[in-house]
Amino acid sequence: MELLLIILIGLLYGAGVYMILRRSMVKLLLGIMFLGTGANILIFLLGGITKGKPPVIDESLKMFQDNYADPIPQALILTAIVISFALTAFAIVLLKRVYALVDSDDLDDLNTPEEEDI
Amino acid sequence: MLLTVLSGLIFSIVLVLFGRKFKAKWSILLPILPTLLFLYFAYQIPQISEGKSIIQHIDWVPSLGVNFDFHLDGLSLLFALLITGIGSCIFFYGRAYLKGHPYFDRFFGYLLLFMSAMLGVVLSDNILLLFVFWELTSISSFFLIGFNNDNPDSRKSALTALGITGFGGFFMLLALVLIGNIADTYTISELFTHRETILNHELYPLIIGLLFVGAFTKSAQFPFHFWLPGAMKAPTPVSAYLHSATMVKAGIYLLARFTPILGDHTYWNTTLLVVGGITMLYAAIHSLFRIDMKAILAYSTISALGVLTFLLGLGTREAMIAVSVFILAHALYKATLFMVTGIVDHETHTRDITVLSGLRKVLGPVALAGILAALSSAGLPFLTFGFIGKDLIYEATLHYTIPEWIWILTGLAVATNIGLVAAGFMAGIKPFVGTLPQEFEKVHLPYKSMWIPPLLLAILGVIFGILPALAGDFITNTASNAIWGNDTASHLKVWHGFNTVFILSLVTLIVGSLIYFINKPSLSKLQAVERLNNISPQRIITGYANDIVRFGQWYTNLFHNGYLRSYHLKIILFAEALIAYRLWLSGPINVDFWTLTYPDWYEIAIIFILIGAIYLVVTTPSRLTAVVGMSVIGYCICLIFVIYSAPDLAMTQFTIDTLSTVLFVLVLYKLPPFINLTSHTVLIRDAVVALGFGVILSLVAFKVWSEPISTEISDFYGENAYLLAKGKNVVNVILVDFRGIDTMFETVVLSIAAIGVYSLIRLRLKSSERE
Amino acid sequence: MKSPILQSATKYLLPILLLFSFFLLLRGHYYPGGGFVGGLVASIAFVLHSFANGPDETMKILKRKPLSLIPTGLSISALSITLPLLFGYPPMTGLWFEEPIPFIGMIGSSLFFDLGVYLVVVGVVLTILFTISLNNLEEKN
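Those protein sequence lines, which keep their order, are chains R, Z and C.
In our numbering, each residue's number is its place in the first sequence (first place is 1) plus 3.
In our numbering, each residue's number is its place in the second sequence (first place is 1) plus 132.
In our numbering, each residue's number is its place in the third sequence (first place is 1) plus 86.
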């Protein structure tokens with residue numbers, strides 16, 4: 004399963020990079036979301052993945068008796084998810100405003116290009 | 133002494149504040165400061181001439197060896213007297229010259245700044261302090277040369293001057309730091325004792341090379357001479373002050389100052405001889421072809437500076453005496469000639485010597501000053517100080533230590549001086565003799581304060597010429613002692629007897645006068661000479677400078693072309709190269725395949741759905757499909773979290789994903805569908821880059837995953853979650869207890885985002901900002 | 087989007103979901119849940135309601151701008167952080183009631199902190215979504 008997740012990370016990053024190289028602002032935004040998700044899975048994987056043992060202490064116990072999933076990556080990812088939502092929301096609204104102003108989704112319409120497409 | 137340096141700086145600040153008042157009523161106050169300073173330094177003459185020196189020490193940054201150390205000895209005093217004495221004349225002169233100019237106050241602010249910086253240079257006893265003042269002179273002269281800032285030529289010249297001198301200053305700083313490191317002190321008076329250490333150091337050639345670049349750029353030596361003629365765009369008082377008497381001599385001062393420390397070495401002497409020799413002859417010949425009075429003076433100044441460098445290169449006792457005398461003589465007559473030129477320009481509005489003539493009838497005293505100065509520059513025997521200086525130059529070349537060289541060196545000096553004689557006559561005499569053209573008949577004498585200073589200096593030149601001992605015993609002797617490092621025991625006399633030196637002086641004068649009568653400079657000749665400019669150092673150096681600018685533009689365009697995706701591409705490619713290199717360095721990935729967990733069928737299914745969704749989002753032309761794809765990805769990841777023991781994450785991911793989808797739908801349904809904007813090849817290129825990044829990231833993940841990780845912190849949280857924080861959900865305990873402050877700030881970030889969204893939507897553009 | 091079925095369903099769903107979100111908040115210290123998740127669930131409840139009845143109706147239930155929830159939440163969090171200072175402990179020290187309270191369990195300062203997070207999350211999410219959807223409505227009119 005680790006290998007599958009590693010491939011998934013590569014795909015998410017690759018897709019993210021591909022999307023941020025596009026001219027469309029929406030694609031840029033999707034690319035950023037891809038990169039964020041990729042980073043989340045990366046952190047999750049590096050903490051070591053464990054099946055069926057959440058980092059919650061059993062009701063009758065005061066300490067863990069056997070091994071459990073690493074809580075730190077989970078705490079990190081949890082905040083990352085929420086923050087990325089805020090970022091996405093802000094970016095979407097920004098995009099909406101830009102679209103309302105320049106009536107285009109094309110990033111190149113935001114500047115005055117000096118030379119042709121490279 | 134600190135006060136003498138700082139007073140000018142303070143006064144220039146006062147000028148900024150009360151500029152308006154100085155323009156009108158208080159302008160008479162302006163020349164008082166340099167006059168007072170001159171009197172102060174003149175008051176020190178007796179003390180210094182007895183061989184004493186004054187030292188002042190104030191801590192600045194003692195830990196770095198940078199202190200306000202000032203040292204007044206013979207050499208410093210000679211320069212300080214020139215700076216303040218000629219400065220006073222210039223201040224009187226400039227006040228009249230620029231009367232009613234809108235930037236009157238600004239001009240004197242710059243001039244005061246310059247004067248203080250110059251005093252700082254010659255008084256500093258700390259080489260880093262010296263450097264600070266050195267750069268200050270460059271900067272203030274930049275402002276002064278570009279004073280007529282509405283003239284593009286003027287701006288360009290100012291920039292060239294700053295570029296050349298700044299360039300040289302940079303190299304000089306290197307040299308100074310090297311010297312300081314080798315000798316372990318930055319104090320000049322202590323450096324004398326470390327002479328042997330520096331001389332025998334392996335970096336000695338480098339040090340003097342760097343120092344020479346600094347001095348040569350400042351003192352307009354070949355091949356850096358060309359900024360000086362350009363600097364003549366400055367108002368004439370500036371030319372008179374900076375470019376004859378003071379700033380350009382800063383380089384000479386530096387060389388003279390370091391002669392006892394670094395000099396008397398083959399490299400040192402030969403370089404100075406060669407560079408000085410080339411400069412003096414080259415500029416002397418050039419000056420003969422000019423028709424602009426200021427240009428003639430500029431080239432003859434370069435030539436004179438070449439003579440000084442040349443003399444320093446001779447490195448003999450006689451040469452040092454000649455240096456100190458010639459500095460004084462040259463300053464006196466050159467400043468006079470510049471001021472005379474200024475008056476002529478001011479009154480007739482031309483400086484073309486082919487047009488000017490017969491002005492003695494209307495500008496009597498000015499003509500007197502100009503002719504006296506020209507005669508001094510020609511070295512008329514028995515009457516002018518210039519004669520003494522010229523005498524000593526020949527004396528020095530004739531007493532050179534290597535007999536075979538004597539005639540070459542003397543010949544060079546004679547040729548140069550012949551050129552200087554002719555140039556001096558052209559600028560100082562030509563405009564005043566002959567018949568007065570009709571157009572100049574209405575020309576009248578300017579204010580007294582304009583023609584008295586040059587006349588004063590010219591007469592001073594005559595006094596020193598008749599009574600050379602006056603200047604010699606009190607001023608130049610101690611200066612040459614300081615350069616030579618020992619007592620030079622020079623006693624200036626008018627008459628040395630009818631010897632070789634006298635004959636040479638006469639020959640110089642006669643041939644120079646002949647050239648003056650034969651050589652009729654004209655515009656056509658000038659243009660012929662100008663054609664040679666294509667191979668001149670100026671063309672080459674400015675060419676290089678332009679190339680650097682062009683390279684900068686090309687480089688900037690390459691990296692800052694204004695396309696976001698092009699920035700992304702470069703950053704990502706660089707990151708790929710860097711990470712791949714590091715990955716390659718870190719060696720092979722060792723994986724114990726037995727530690728891998730075997731995926732269940734539903735996990736494989738989830739991964740496949742994910743891959744499909746990613747492909748869908750990347751390729752779809754429809755915006756809505758992309759959004760749906762994104763949410764599918766989100767929910768699948770949520771499932772992965774569920775399977776791998778992260779219930780909190782799963783819940784958060786699920787809710788966030790739902791909200792994100794809602795958000796997208798709310799906004800995006802209005803936007804147009806994707807259109808294919810880029811060509812096929814670009815798409816493939818981007819795909820390759822993206823795939824490369826993905827592969828590298830996968831490898832990094834694999835590599836890191838295969839390394840053992842430290843679980844110390846996790847274990848701590850796990851063990852103490854209940855004992856310390858009374859919670860059993862460790863993730864939540866970390867969030868609200870162990871790392872509560874982080875969470876606190878995270879909520880702040882969330883709030884900022886919300887406020888940002890709110891204001892973006894709610895705030896309307898002002899009508900002026902709307903198109 | 088205004089279907090009667092959804093409208094009547096949300097009438098019951100809203101309180102149930104809100105209750106559920108409180109439940110998640112309170113038990114967060116012991117079981118999966120907590121301020122973030124609770125806040126998100128609560129916001130989903132309101133979003134669902136606004137989908138069925140329009141954002142104006144939802145705003146009526148809320149009675150005030152969701153933006154005002156943000157400072158409230160932030161100050162509750164900040165208060166729970168600084169409260170131990172009053173008792174002479176370093177900030178962020180967990181303070182707990184001696185006896186557990188029925189249903190909820192132990193109550194301590196960290197619960198208040200979580201409550202602050204909960205309010206901030208609700209405020210942020212609703213501010214973002216409502217400003218956008220209200221703006222959309224305005225543009226339509």
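Any given hint could be a false lead.
Among chain Z residues calculated to face chain R with C-beta under 7 Å, some are [unchecked claim]:
| no. | residue |
| --- | --- |
| 1 | L149 |
| 2 | L338 |
| 3 | G341 |
| 4 | F725 |
| 5 | L728 |
| 6 | S777 |
| 7 | P779 |
| 8 | V820 |
| 9 | V827 |
| 10 | W837 |
| 11 | S838 |
| 12 | E878 |
| 13 | V880 |
| 14 | A885 |
Ranges of calculated distance between the beta carbons of each label pair, as one might list FRET restraints [to be verified]:
| no. | chain 1 | residue 1 | chain 2 | residue 2 | range |
| --- | --- | --- | --- | --- | --- |
| 15 | Z | E839 | C | E225 | 51 to 57 Å |
| 16 | C | P101 | Z | P840 | 49 to 55 Å |
| 17 | C | F109 | Z | D732 | 27 to 33 Å |
| 18 | Z | W726 | C | Q93 | 26 to 32 Å |
| 19 | C | F109 | Z | E839 | 37 to 43 Å |
| 20 | C | L105 | Z | N722 | 49 to 55 Å |
| 21 | C | E225 | Z | N722 | 39 to 45 Å |
| 22 | Z | D732 | C | L105 | 47 to 53 Å |
| 23 | R | N70 | C | P101 | 49 to 55 Å |
| 24 | R | D61 | Z | L815 | 39 to 45 Å |
Here are some chain C residues the structure puts well away from chain R; computed CB gaps all over 10 Å [claimed, not checked]:
| no. | residue |
| --- | --- |
| 25 | S94 |
| 26 | A95 |
| 27 | S154 |
Keep in mind the hints are simulated off the structure, nothing from the lab.
Quick reminder that beta carbons are idealized off the backbone N, C-alpha and C, glycines included.
Results of checking the hints against the structure:
1. With a cut of 7 Å, the hint placing L149 (chain Z) at the interface with chain R is violated, because the nearest CB-to-CB distance is about 43 Å.
2. Hint on L338 (chain Z) is violated. Least Cβ distance to chain R is approximately 43 Å, over the 7 Å limit.
3. Against a cut-off of 7 Å between C-beta atoms, the interface hint on G341 (chain Z) is violated, since the closest Cβ of chain R lies about 42 Å away.
4. The restraint placing F725 (chain Z) at the interface with chain R is violated, with a minimum CB-CB distance near 9 Å, outside the 7 Å limit.
5. At about 5 Å, the closest approach between the beta carbon of L728 (chain Z) and any beta carbon in chain R falls short of 7 Å, and the interface hint on this residue holds.
6. Look at S777 (chain Z): its Cβ gets to within about 4 Å of chain R, closer than 7 Å, so that hint holds up.
7. For the restraint placing P779 (chain Z) at the interface with chain R, the shortest Cβ-Cβ distance is roughly 5 Å, inside the 7 Å limit, so the hint holds.
8. Given the 7 Å rule on beta carbons, the hint for V820 (chain Z) is violated: about 10 Å separates it from the nearest Cβ of chain R.
9. Because the closest C-beta pair between V827 (chain Z) and chain R is about 6 Å apart, less than 7 Å, the hint holds.
10. The beta carbon of W837 (chain Z) comes within 6 Å of a beta carbon in chain R, closer than 7 Å, and the hint placing it at the interface holds.
11. Contact between S838 (chain Z) and chain R, as hinted, is not supported at the beta carbon level, the nearest pair being about 9 Å apart and thus beyond 7 Å.
12. Interface hint status for E878 (chain Z): upheld, as the beta-carbon distance to the closest one in chain R is roughly 5 Å, under 7 Å.
13. Given hint, V880 (chain Z) at the interface with chain R, is violated; its Cβ is 11 Å from that chain's nearest Cβ, farther than 7 Å.
14. Interface hint status for A885 (chain Z): upheld, as the beta-carbon distance to the closest one in chain R is roughly 4 Å, under 7 Å.
15. Separation of E839 (chain Z) from E225 (chain C) is about 54 Å and conforms to the stated range, judged on CB atoms against 51 to 57 Å.
16. Roughly 51 Å separates the CB atoms of P101 (chain C) and P840 (chain Z), a value that falls within the hinted 49 to 55 Å.
17. Taking 27 to 33 Å as the suggested C-beta distance range, the pair F109 (chain C) and D732 (chain Z) conforms, at roughly 31 Å.
18. Here the CB-CB span from W726 (chain Z) to Q93 (chain C) is close to 57 Å, at odds with the stated 26 to 32 Å.
19. A beta carbon spacing of about 41 Å between F109 (chain C) and E839 (chain Z) agrees with the range 37 to 43 Å that was offered as a hint.
20. A C-beta distance of roughly 53 Å is found between L105 (chain C) and N722 (chain Z), which places it inside the suggested range of 49 to 55 Å.
21. Here the CB-CB span from E225 (chain C) to N722 (chain Z) is close to 59 Å, at odds with the stated 39 to 45 Å.
22. Separated by about 35 Å at the C-beta atoms, D732 (chain Z) and L105 (chain C) break the suggested range of 47 to 53 Å.
23. For the pair N70 (chain R) and P101 (chain C), the supplied restraint of 49 to 55 Å is violated, since their beta-carbon distance comes to about 41 Å.
24. Distance hint for D61 (chain R) and L815 (chain Z): a CB-CB separation of about 54 Å, inconsistent with the stated range 39 to 45 Å.
25. Distance check for S94 (chain C) against chain R: the nearest CB is about 30 Å away, which clears 10 Å, and the non-interface claim stands.
26. Listed as outside the interface, A95 (chain C) is consistent with that label: its C-beta sits roughly 26 Å from the nearest C-beta of chain R, beyond the 10 Å cut-off.
27. Every CB of chain R is more than 10 Å from the CB of S154 (chain C) (nearest about 18 Å), matching its label as outside the interface.
Checked against the numbered hints above, the structure breaks hints 1, 2, 3, 4, 8, 11, 13, 18, 21, 22, 23 and 24 and satisfies the rest.
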